[in-house]
Amino acid sequence: MTVDLESRKKQKIEDQDEYMDNMDVDLVKLEEIESSESHDFQTLLKLYYQKYFPFKDFYNWLSYGNNSYLRFLSFKDSEELKAEILRLCPIKIDIGAIYNIKPKDKKTVQASAFVPLERELVFDIDMTDYDDIRTCCEGANICLKCWNFMTVSIQIIHRALEDDFGFKHILWVFSGRRGIHCWVCDDKARLLTVESRKAIVNYLELLKGGESQARKVNTRGSVLHPLLEKSLGPCATHFDRIMLDKMGILNSKEHWSKLLAIIPDESIRNELDNEWSKSPDTPASTKWDMLQSRLKGSKKSNLEYLARDILFQYSYPRLDSNVSIGLNHLLKSPFCVHPKTGKVCIPINPKLCHEFNPTTVPTLNGLFSDDNTSDFLLTIEELEEFKAHVEYFKNFTLRLQEARVAKLREQQKNSLDF
Amino acid sequence: MDSRLREYPTTLNFYSIPPTSQINLEEFETWSLDRLQVLIAVDSARLRCKQEADIYKMIEPVLTQKMELKANTVINALGASLLYQQRKKDAYSHFFLRLAYCKTPDLQSWFIRQELMLFKLRFTNSSVEEREWFVKEAKLDLSPISTDSLMEMKYKKEGRGESKDEFAKKFQATLKAVYVEPINFYKVPFEKVPELVGKRQVILMDGFAYIPESERVLLILNAFKDHLKQELENTAKALPRMDEDDRLTPILNSLAKQSISKEYRISDGDGVTADDVDKLSIHFPLCMKSLHSALKRDSHLKHMARIQFGLFLKGIGLSLDEALIYWRKSFNRMTDEEFQKKGYAYNIRYNYGMEGKRTNYTPYSCVKIIQSMPSSNESHGCPFRYFSPDALGEMMQNMNVDQVSINDIQLKAREGHYQIACTALFEATRGKAHEQAQQLAEPIGHPNQYFDYSLNGIKKVKEE
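Line by line, the protein sequences are chains A and B. Taking the working numbering, the leading residue of the first sequence gets 1, the next gets one more, and so forth. Taking the working numbering, the leading residue of the second sequence gets 1001, the next gets one more, and so forth.
Just so you know, the hints here were simulated from the structure itself, not pulled from any lab data. It is possible that part of the hints are untrue.
Quick list of simulated restraints, FRET-style, between CB atoms [to be verified]:
(1) A/E211 / B/N1347: 41 to 47 angstroms
(2) B/Q1085 / A/S415: 46 to 52 angstroms
(3) B/L1005 / A/E402: 52 to 58 angstroms
(4) B/Q1051 / A/T128: 39 to 45 angstroms
(5) B/E1181 / A/E402: 38 to 44 angstroms
Cross-link-like lysine-lysine pairs, in silico, BS3-like; alpha carbons within 27 angstroms at most [said to hold, decoys possible]:
(6) A/K300 / B/K1176
(7) B/K1296 / B/K1341
(8) B/K1170 / A/K296
(9) A/K216 / A/K145
Heads up, the beta-carbon is just placed ideally off N, CA and C, and yes, glycines get one too.
Just chain A, same shape as in the assembly (with noise of 0.2 angstroms):
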């Protein structure tokens, strides 16, 4: 049995032609880091590791049924890819295409002729797309009240990809930082062609425009395409709960604005904000009836429905569609620990996502603190703070597997009815 694991080195020191951006399954050294820290946090990690990591469930969902070949990482079980990890202690590790020819020898062809065949759907969410509209914090921070953005992103998009485009195994993944990933494994997604998944993208965003385009959505008409409108529910109670009630975004002039911005009819426009002015007092849900019913009165076309528009830009799903449309892009693994923060990226539930509170999120030092040495005696199944969401993992790929297992039956099946 070969083993040939990549691992990334310091870029600087190293030949760069070493580096391979492109490879499968990414496990990043330590020695990338240069924090003073940094010798704690690689003994914790190991530690980790050595205790924590669901290397099993890992492996069984990573190789889909082909044992002893995990992705270009060749190991005979989740033993021998454990100790390859304890020996490395990668600090990161990426998970990307399959491709035709190991990563490891793509010099050796022509670029054409390196050909990713393989990879799962995957979609990425990240709170810093929401920076113009959220009022809580900004850049790398988030707090519960924009944490409700990924929670309907979550019921939004596993929604459309079970009952519109009919997967079965999907699997949310919390980003260790400020965002959410998604794995769509079912085999039908692993093979989608970039056209597909560009299909998919586009059928899935709603916003468009960039920064110097005030308003980004433009439904037409009453009735919705019926994504948009089973999107509707979802995206309008967490407008009022959390946009108008926990954020205030119409409670002060400076918020507002923004939002007003968005009317392109400057009459309504100043009307809405001298009187909000006026009584700055006033509820936000007022507020918005006011912005409602003036829009509707206005009898023309392109207002007529810009109310229901501001609300979905203020609160329907922000992809990022480079990485769900490219094949190569890599994606951080579930159950790795994210280097700044130092949170173990865990599955999600999506069905109880609402209750899902990223500030909670089991961490590298809080695992190893002082006042958990009780806990250090259990296994991570047994963890209260890992429990459910290994639970889950441990769930998904069974799922995984009894659809392979049904695969074959049925393919034996043909084969033998010939």
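On the provided structure of chain A, position chain B as indicated by the hints.
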């Protein structure tokens, strides 16, 4: 139906039955070439026009001349045997070209693109009777789903706690919002209709798209494309096993070359001297004209510009020795010593394959020039892409182009059709000098091609 037309009942053909009767070599070659001309015309029309109707208009003359197909409605006037002959030629030539275009993925995809477009144009321009007949004959198993059954399916999946009537009413409204004409539907895997999915112009359920009757043509085109793709692969596999035929192989090879080889081959005939360059510059395309004037103005060109212009000059027949003279003279503010020291002579010899890697470089094509973006103080690249509309307009005014053409060319450039803008400029300037250049068969793909067309046109005028 006339019995003679049993083999080809309509002008539309799915090309599933290969030719069986004998044919002589001459017909093999002329029919293949005729079809190839049609396909090349399709390719170039697609680049020039956006609307399908315009593409059809553009290729119609070629079609009529090379591959005319008359419908059954004129059978009495023309006679069944003529119709049969036309359709036979269409079918046979298609299969002949398959042999030439199955060899590489590039050739395959070029052939599929053109054949698919040709089929699409013919399909949309045929009569309803013909289309229905074709669909029936091609056995495409297209059984539509009625609006009611679609509603039933949807109700089973989603109807919770509401009456069927209520649900149906809402569903009708949804259908009207999504489709233009929601009557009958076809169920296809969503991957088959990526454009409709991307635009949310279909309803999706469990991975299937329900496309309306009006988009049925997409299914037929899909089937045509899949079938042709499969057949080309089969042909490619079978080709080596075909009896070694030294009569066919050279014909096939030359057929395959005609559509794609855009690489410019340097003419080695009459040498151009350093002194000729200025005189010949009236034949330069805009990208080279601007470099030529920049060189005159500054007595210098930056690295990328030197390569672009230098290789072009090599392409028009400037030998290495003449090139050294030309560049030395053009950099006239520089001493001999400086010229040597800065390695300009080395660069020139490098272009001619006499230094370094010793590759005999060929002149850059339009694609390459369009892609190489100049920074603010560089002058290479494609003017239609990198010049401001004003600068572009000014250059054309200096060439005495009329304002209507200038506006048209600027518009084309703005829309990103750089090669077409360049072709239009050629037509606006050269077209007046000599008739035969008024409409180019295909857009300019190479600056040296522009030069050749321009120069040869003038030669012909002089001969007359």
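So, going through the hints one by one against the coordinates:
1. A/E211 / B/N1347: 41 to 47 angstroms: holds (43 angstroms)
2. B/Q1085 / A/S415: 46 to 52 angstroms: holds (48 angstroms)
3. B/L1005 / A/E402: 52 to 58 angstroms: Since the Cβ atoms of B/L1005 and A/E402 sit about 56 angstroms apart, the hinted range of 52 to 58 angstroms holds.
4. B/Q1051 / A/T128: 39 to 45 angstroms: Holds, since B/Q1051 and A/T128 (Cβ atoms, about 41 angstroms apart) stay within the stated range.
5. B/E1181 / A/E402: 38 to 44 angstroms: Check passed, 43 angstroms falls within 38 to 44 angstroms.
6. A/K300 / B/K1176: Measuring from Cα to Cα gives roughly 22 angstroms; hence the hint holds.
7. B/K1296 / B/K1341: Within the cut-off at roughly 22 angstroms; holds.
8. B/K1170 / A/K296: Within the cut-off at roughly 22 angstroms; holds.
9. A/K216 / A/K145: With a Cα-Cα distance of about 23 angstroms, the restraint between A/K216 and A/K145 holds, given a limit of 27 angstroms.
Of the numbered hints given earlier, the model fails none.
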